[in-house]
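Undergrad: Sequence:
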Amino acid sequence: MKKLLAAFALFSLFFGAGNLILPPYLGVQAGADWALVAFGFVISAVLIPILGIFAHAKLQGTIYDFGAPLGKVFSLTYAALIYGIALALPAPRTASVTHEMAIMPFADSPYWLTSLVYFSLVLLAALNRSKLLDLFGKITTPGILIVLTALIGMAVFAPEVALAPTTMENPFGSSLLEGYQTFDAIAAVVIGGVLLVSIQKMQAKDNASPANTDQANQSTNPYDLQKSTVRFAAVFSAIALSAIYVGLIYAGAQSQGNIDLESSRSEILQAMAKLFLGNTAPVGLGILVALACFTTATGIVTGTADFVASYFEGPAYAPGTARKVFISVAIAGAILGVLMGQFPVVYIIAIAVPALVFIYPTTIILMALHVLPASWATPKAFKAAVLVCFVVNTPAFLDSLGYPTLQAATAFLPLSSQGLAWVLPVLLSVVGVKIFDVFLIKK
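Taking the numbering used here as reference, the numbering of the sequence shown is continuous, increasing by one, and the terminal residue is 443.
Calculated from the structure, these hints are not laboratory results. Be aware that a few hints might be false.
With a Cα cut of at most 30 Å, we get these calculated DSSO-like pairs of lysine-lysine [unchecked claim]:
no.	residue 1	residue 2
1	K72	K324
2	K201	K2
3	K58	K274
4	K383	K227
5	K58	K3
DEER-style ranges, computed between Cβ atoms [what the hints assert, rightly or not]:
no.	residue 1	residue 2	range
6	Q200	P354	33 to 39 Å
7	V73	P142	39 to 45 Å
8	P282	G71	47 to 53 Å
9	Q200	P282	21 to 27 Å
10	T321	A411	48 to 54 Å
11	I43	T321	39 to 45 Å
12	F106	E160	44 to 50 Å
13	G143	F106	15 to 21 Å
14	A162	K72	56 to 62 Å
15	P354	D134	35 to 41 Å
16	T321	L261	51 to 57 Å
17	V353	V73	22 to 28 Å
18	E262	G402	19 to 25 Å
Computed from a prediction, not measured in an experiment: that's the story for all the values here. Here a beta-carbon is modelled for each residue, glycine too, at the ideal position from N, C-alpha and C.
Kindly produce the complete structure, drawing on both the sequences and the hints.
TA: Next up, the structure:
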């Protein structure tokens, strides 16, 4: 039961603003190529983030541990970048999506008011973090799944229509990059820590209770128990997210003829929901958006506060210092969310692109190496992979800022048209380090 609760909570933490508005948009653009587009989106929006959760299950530490093989300076810098991006972009975007999808259809209210109320509730949930597993696992996830099942079910059983050719120049590459916009690879290293801390608190509460009769928990090594719980949650989330994304992309493709292709992502989701759910669409969609966005924002704020507060624990600090730091960081995160949440969704998505192009490849590399056996994931392999990635990915990063002059330097590399020019060089660098290590051992 506790594994299922953790699985529901992880799914709920993952499923936020981008997870809702991006798949239908891709489906409408994809048309007859919806299956290929769904495949690309699942790779970047499901498989890569779940890889991060598996890395968390193995490390059972904080985001600092992801970069630890590269040294303290890198780890702290990487953690600061990840938490800064998460607080400044995906968390506020959840408020913007909530406003556009759940408030605007019913009331003429300004963005700032929605953001203020929204992040006040996020702060309240974060300050009661011991109850997050129950909140997300028992309440928000069932609500999300009920509405999504109704929407996708109506699309699947609706009469099939002839699908037009795709309007995308590169369907697979576009869907792969659109999957970045879910921010779920970044979310994985943030909310994976939230899940671990929540599981640890739940286990500590159980062990301290004299009424606890769960002998399995007491006889199992805590590391192994947490590892199996997190892995179960990861597999459950991967299956659920994949099914939902494929369903939403298919629904978008089926509604292609009834939707203006120039509409925004939020408008496409609204139109698609109205097409399949009829008059119940505004209410159902409002509930779905509010629940999905709220859990993600809470996970980001809580994860950031957890990480910073962990540096103020121990005998060197007065009792209660860590809690005070946690509260201060949570408040600061909520304030930043209110400020950034006043911008429309389309603006936040646009300014997020350079940040994603810069940080995503490094995040993927760190997650992948931590899942590999220790004989491959050596400090030298980490350093070589990250350095090569930084060099090869620089032209793409500059291009995202509007400076495409260096793009030709990596155009010859495989997958460069998909924005993945760094993949082969990084793989070769890791293999090269392994061969070099084996050669030294033989010598």
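Undergrad: Now, for every hint given, state plainly whether the structure supports it.
TA: Hints, one by one, checked against the model:
1. Under the criterion of a C-alpha separation no larger than 30 Å, the hint pairing K72 with K324 is consistent with the structure, at around 25 Å.
2. Restraint check: the Cα-Cα separation between K201 and K2 comes to about 12 Å, which is no more than 30 Å; the hinted pair holds.
3. Taken as a hint, the K58 and K274 pair is broken in the structure, with Cα atoms around 44 Å apart against an allowance of 30 Å.
4. Taken as a hint, the K383 and K227 pair is honoured in the structure, with Cα atoms around 27 Å apart against an allowance of 30 Å.
5. Restraint check: the Cα-Cα separation between K58 and K3 comes to about 17 Å, which is no more than 30 Å; the hinted pair holds.
6. The supplied range of 33 to 39 Å is met by Q200 and P354, whose beta-carbon atoms lie about 36 Å from each other.
7. A hinted range of 39 to 45 Å for the beta carbons of V73 and P142 is consistent with their spacing of about 44 Å.
8. About 52 Å separates the C-beta atoms of P282 and G71, a value consistent with the hinted range of 47 to 53 Å.
9. Checking the proposed 21 to 27 Å range against Q200 and P282 shows it is violated: the Cβ atoms sit about 40 Å from each other.
10. A beta carbon spacing of about 53 Å between T321 and A411 agrees with the range 48 to 54 Å that was offered as a hint.
11. Taken as a hint, the range 39 to 45 Å holds for the pair I43 and T321, whose Cβ atoms sit roughly 43 Å apart.
12. Checked against the given bound of 44 to 50 Å, the beta carbons of F106 and E160, roughly 33 Å apart, lie outside it.
13. Roughly 18 Å separates the CB atoms of G143 and F106, a value that falls within the hinted 15 to 21 Å.
14. Between A162 and K72 the CB atoms are about 59 Å apart, so this pair conforms to the stated range of 56 to 62 Å.
15. Distance hint for P354 and D134: a CB-CB separation of about 38 Å, consistent with the stated range 35 to 41 Å.
16. About 55 Å separates the C-beta atoms of T321 and L261, a value consistent with the hinted range of 51 to 57 Å.
17. Range check, V353 to V73: about 27 Å between beta-carbon atoms, so the 22 to 28 Å window is met.
18. For the pair E262 and G402, the supplied restraint of 19 to 25 Å holds, since their beta-carbon distance comes to about 23 Å.
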